[in-house]
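Enquirer: Single-letter residue listing:
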Amino acid sequence: MFNADTWLPPEVSLDLCIKCNICVSYCPVAEATDLFPGPKYAGPQAQRFRMAGQPAPDLSVDYCSGCRVCNEVCPNDVNIMEMNARARAALVAEKGIPLRNRLLGRNELLGKVGSRAPRLANFALHNPVSRVAVDALFGIAKEAPLPRWSTTGTFVDWWEKHYPHRLISDKKVVYFHGCATMYYEPFIGKAAVAVLEHMGYEVIVPPQNCCGLPMLSNGEFKAAGKLYDNNLRKLGPLAAEGYDIVGTSTSCTLTLKEEAPHLLDRHSETTQALTHAVWDIFEWIRDHEDELPRDFIQMEMVIPYHPPCQYRAHRVGRPSMDVLALIPGVEVHESHARCCGIAGTYGYKKEKYDIAMKVGQELFSFILEEEEHHHTEFNACDSETCRWQIEHGTGQESRHPIEILAAAYGLYDLETRTTL
Amino acid sequence: MRAIETEILVIGGGVTGVGVAWDAALRGFDVILVERRDLAHGTSGRFHGLLHSGGRYVVKDPVSARECIHENRILRRTHAHCIEDTGGFFVVTPEDEDSDYPDRFVQACAETGVPCQEMAVSQALRREPRLNPRISRVFRVPDASVDGFQLTHATAQAARQAGARIFTYHQVTDLLVAGGEGDVRVVGARVFDAVRAEEMEIRAAMVINAAGAWAGRIAGMVGSRVDIVPGKGVMIATAHRLVNTVINRCKWPSDGDILVPAHTVSIIGTTDVPVADPEDLRIEEWEIRKMLAEGEKLIPGFARTRILRAWAGVRPLYRESAVTDDRDISRKFTLLDHQERDGVAGFITITGGKLTTFRLMAEKTVDRAAAHLGPRRPCITAETPVPGAEHGPYWLGHRLREVEDGRLQNQLICECELVTRGMLESAARLNPTVTLDDLRRDVRLGMGPCQGGFCTYRAVGVIHELKLGHGVTPDTEGSDWRVADLQSPAGNPGRGRPPVSGPEPVSSLADHLYDPNLLLRDFLQERWKGVVPIVWGQQLKQEQLDRLIYLSIMNVDHLPDAGLKSPLSDFYGVDVTPNDVLEEPHD
Chain H
122 MFNADTWLPP
132 EVSLDLCIKC
142 NICVSYCPVA
152 EATDLFPGPK
162 YAGPQAQRFR
172 MAGQPAPDLS
182 VDYCSGCRVC
192 NEVCPNDVNI
202 MEMNARARAA
212 LVAEKGIPLR
222 NRLLGRNELL
232 GKVGSRAPRL
242 ANFALHNPVS
252 RVAVDALFGI
262 AKEAPLPRWS
272 TTGTFVDWWE
282 KHYPHRLISD
292 KKVVYFHGCA
302 TMYYEPFIGK
312 AAVAVLEHMG
322 YEVIVPPQNC
332 CGLPMLSNGE
342 FKAAGKLYDN
352 NLRKLGPLAA
362 EGYDIVGTST
372 SCTLTLKEEA
382 PHLLDRHSET
392 TQALTHAVWD
402 IFEWIRDHED
412 ELPRDFIQME
422 MVIPYHPPCQ
432 YRAHRVGRPS
442 MDVLALIPGV
452 EVHESHARCC
462 GIAGTYGYKK
472 EKYDIAMKVG
482 QELFSFILEE
492 EEHHHTEFNA
502 CDSETCRWQI
512 EHGTGQESRH
522 PIEILAAAYG
532 LYDLETRTTL
Chain Z
8 MRAIETEILV
18 IGGGVTGVGV
28 AWDAALRGFD
38 VILVERRDLA
48 HGTSGRFHGL
58 LHSGGRYVVK
68 DPVSARECIH
78 ENRILRRTHA
88 HCIEDTGGFF
98 VVTPEDEDSD
108 YPDRFVQACA
118 ETGVPCQEMA
128 VSQALRREPR
138 LNPRISRVFR
148 VPDASVDGFQ
158 LTHATAQAAR
168 QAGARIFTYH
178 QVTDLLVAGG
188 EGDVRVVGAR
198 VFDAVRAEEM
208 EIRAAMVINA
218 AGAWAGRIAG
228 MVGSRVDIVP
238 GKGVMIATAH
248 RLVNTVINRC
258 KWPSDGDILV
268 PAHTVSIIGT
278 TDVPVADPED
288 LRIEEWEIRK
298 MLAEGEKLIP
308 GFARTRILRA
318 WAGVRPLYRE
328 SAVTDDRDIS
338 RKFTLLDHQE
348 RDGVAGFITI
358 TGGKLTTFRL
368 MAEKTVDRAA
378 AHLGPRRPCI
388 TAETPVPGAE
398 HGPYWLGHRL
408 REVEDGRLQN
418 QLICECELVT
428 RGMLESAARL
438 NPTVTLDDLR
448 RDVRLGMGPC
458 QGGFCTYRAV
468 GVIHELKLGH
478 GVTPDTEGSD
488 WRVADLQSPA
498 GNPGRGRPPV
508 SGPEPVSSLA
518 DHLYDPNLLL
528 RDFLQERWKG
538 VVPIVWGQQL
548 KQEQLDRLIY
558 LSIMNVDHLP
568 DAGLKSPLSD
578 FYGVDVTPND
588 VLEEPHD
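Here the protein sequences line up with chains H and Z, keeping their order.
Under our numbering, the final residue of the first sequence carries the number 541; numbering is consecutive throughout.
Under our numbering, the final residue of the second sequence carries the number 594; numbering is consecutive throughout.
Note that these hints are calculated values from the structure, not bench results.
Keep in mind that a hint or two might mislead.
[Said to hold, decoys possible] Calculated Cβ distances over 10 Å to all of chain H for the following chain Z residues:
(1) Q124
(2) M126
(3) R414
[As the list claims (entries may be wrong)] Mimicking DMTMM-like on lysine to aspartate or glutamate, the simulated pairs with C-alpha atoms at most 25 Å apart in a straight line are:
(4) H:K216 to Z:D412
(5) Z:K304 to H:E132
(6) Z:K548 to H:E492
(7) Z:K548 to H:D198
(8) H:K216 to Z:E409
Just so you know, even glycine gets a beta-carbon here, dropped at the ideal spot from N, CA and C.
Given the sequences, and given the hints that come with them, work out the whole structure.
Expert: Here it is as structure tokens:
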């Protein structure tokens with residue numbers, strides 16, 4: 122949470138570094154490739170040599186995946202990842218942004234365009250010929266786990282149909298679906314609505330747009346700022362009225378909570394109100410545990426679970442694990458792997474794909490060992506791009522914990538990913 | 008005893024001395040310079056790094072102001088790579104608002120020819136966002152940031168290329184005198200070579216005393232009285248740059264009113280305390296508190312910012328008669344021809360002045376020497392770039408850029424200041440090295456936030472390999488120091504793994520003084536000395552980690568040969584006598 126008394130701009134937090142190297146020894150990217158010299162070098166050390174108005178001296182910072190493992194392990198609270206993100210933004214401001222990164226930053230636009238004719242879009246993008254072409258033309262790795270557009274309509278298409286039948290209640294909660302649920306995985310949103318309504322809440326789905334994270338992580342701060350400000354206009358009034366805003370994409374919720382305001386220097390009262398209103402859905406459910414119905418069905422399953430880097434960056438413990446543990450018969454095994462490697466759009470990039478796969482290896486091995494020992498059918502992860510990467514790296518299907526919770530109430534089919 | 012001869016013997020390897028050697032050698036004189044420690048070990052390496060525009064002196068000392076702006080323009084050409092064109096602001100803080108000084112300042116700038124332009128406060132704040140937003144006026148002047156180590160070394164290199172011989176770690180033990188009553192003549196000096204542990208005589212037609220704050224002692228060897236009031240000034244450096252422009256308070260010059268961006272840090276200075284002994288570099292607690300308080304007026308939050316280090320330097324202020332406040336002694340330089348003054352021929356003292364005006368001081372000094380020795384070629388230092396100037400002006404990111412371009416990340420010995428193994432080896436090979444501190448002045452080893460925590464043991468290992476002769480080819484062009492290139496990661500590429508047996512040991516490493524444990528202990532002690540006065544907060548945390556590395560893991564307190572001492576071991580000692588000067592003394 123932002124605290125004006127204690128918060129330091131990332132550039133100033135470099136003074137907190139005592140060079141202990143803990144971040145270097147944990148950084149999964151530095152371990153996978155020499156192209157990234159490590160968080161200490163790229164963050165607090167390089168920062169002392171950067172200066173506004175001068176050419177950006179270092180390019181290797183672009184190999185930081187932004188996973189935040191460094192921030193997580195730093196004993197001195199250095200904002201390493203933010204420092205790197207800002208350095209990348211300075212690079213982009215100076216050298217311009219490659220078309221590829223511009224595309225990857227605009228996942229909302231891509232989602233929208235593809236959703237007009239999803240079957241055609243899926244065919245156009247997901248055939249081997251076009252993947253080779255996209256690889257060669259844009260530098261998007263041909264093997265990378267790009268998502269498929271939903272062929273059953275967007276989330277909002279469904280919501281509009283569901284709207285007349287929604288649960289009306291005095292207890293209300295706002296749902297932030299994010300782009301992935303909107304265009305690729307509407308079933309995640311349906312599961313979320315099912316669970317929230319089962320808890321007795323009326324769900325509000327306000328107009329909203331991309332949280333801006335893909336642009337932030339590709340260094341397009343100005344465009345990301347516009348997206349953030351749009352969301353602030355749309356969600357700010359709800360936050361001011363005291364509504365909680367929950368999201369099923371942990372990276373979207375983290376961006377709204379702190380990443381965007383920190384990186385973009387937005388510290389107004391409305392910003393802070395939004396910051397305080399936004400919850401990751403399981404963080405919120407755990408906080409409302411007394412309202413959580415216990416009419417679970419017996420599940421009898423082992424679920425290997427990976428808490429995504431972006432979720433760990435919320436610094437709220439493991440809410441999904443805490444909640445799933447309430448389901449009788451469900452045994453959740455935590456991965457303890459540092460990162461799946463994809464880090465948003467990082468692993469899609471041709472020159473970074475191999476690094477991302479190498480980074481993900483420790484997680485993939487864990488999932489595969491679990492499969493072997495416990496005959497697991499699904500693994501679970503709260504972040505969409507991580508799920509796609511895990512499926513790509515292991516061949517095992519991945520589910521959002523909200524799908525598992527919905528299934529535990531008998532509201533959802535885990536196989537077909539449909540609400541019942 | 009070895010004896011050598013020369014025309015001009017220069018005593019003192021600070022910027023003034025090397026400037027004199029450079030100028031004299033360019034004019035065709037045979038020159039030897041002796042320095043008892045490393046070049047720039049004294050005041051030239053212990054200041055805040057400001058290349059004056061003259062703005063500071065326009066009201067109080069217009070002659071100095073004129074000299075400064077004149078020399079400022081010259082050095083930007085001749086020593087381009089030692090200078091960062093930061094520009095300077097003179098700002099009026101709320102404390103100084105009721106004064107007529109700003110208007111007098113503008114007037115005096117116009118009179119002395121120091122370019123000065125008032126700018127909108129908002130514009131200044133956009134450029135320097137951390138500046139106190141409550142300042143009411145800002146004037147822009149051509150101040151700059153200058154690296155005193157590099158300036159001195161580059162000038163010394165230029166002197167060598169012009170034929171001068173430069174002997175570091177050669178201490179003058181006595182002046183050689185000829186003649187008698189009424190006809191005394193200085194004919195050279197007896198010198199102790201600390202590296203080879205031998206005495207030698209250097210005979211010269213003219214001895215030039217450029218010993219700075221120590222000039223009184225040298226003059227005293229022939230009974231000439233030169234009253235130098237060593238004016239101690241304390242400076243502190245922040246762990247990273249807070250500003251990219253030199254910030255001055257627009258007021259009558261006083262303590263702690265200059266903040267200079269120097270390489271990766273910002274330096275605030277200074278105090279001004281007369282001390283009896285120029286070696287008395289003790290830092291009082293009130294001096295630190297004062298620097299923090301004054302810094303706070305320029306940059307809100309300064310007092311809570313991480314401080315890296317504190318150090319003191321001594322101004323060589325020349326006193327002609329009793330003056331109460333040090334700063335009222337002129338900052339103009341003083342040239343004393345002892346033949347005219349004391350009847351001691353063959354002996355000139357050059358003292359006072361400022362780093363910014365060193366070239367001018369040297370020119371005037373050599374003019375005087377030439378008047379005695381007979382004229383040679385005219386002075387050309389103002390038009391002669393020193394080696395390295397071709398690299399162009401310094402910019403902050405250059406080391407990082409070169410490490411990146413050359414993919415030298417795995418060659419870093421000092422990670423904070425981006426010193427590669429190649430840079431360190433070149434420095435040790437090309438410059439006489441008695442302590443790691445000598446290498447620090449060459450390449451900035453250990454000058455970052457961890458203050459030697461991670462590089463000291465690495466550097467000792469690298470030096471030890473050189474000493475054993477493993478893996479590095481001795482420099483065949485040993486006569487060329489390549490000082491500017493030493494700053495460059497790209498100019499000193501790494502050489503990968505050293506072969507098991509290699510060429511000859513490197514001879515620039517002092518023989519009888521060499522001991523890896525001593526190198527380690529000396530440098531740790533030297534770094535610690537500057538950290539002790541500011542060891543709180545995050546720097547205390549840093550020192551705790553450094554302590555664990557050296558005292559717990561390496562047990563350096565109990566390494567063998569604890570009795571060994573280098574010529575500087577005592578100098579690095581920290582004075583632990585209780586300090587009774589808790590408040591700023593008033594008299």
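Enquirer: Give a verdict on every hint.
Expert: Against the structure, the hints:
1. Q124: holds (19 Å)
2. M126: holds (16 Å)
3. R414: violated (8 Å)
4. H:K216 to Z:D412: holds (16 Å)
5. Z:K304 to H:E132: holds (21 Å)
6. Z:K548 to H:E492: violated (45 Å)
7. Z:K548 to H:D198: holds (13 Å)
8. H:K216 to Z:E409: holds (18 Å)
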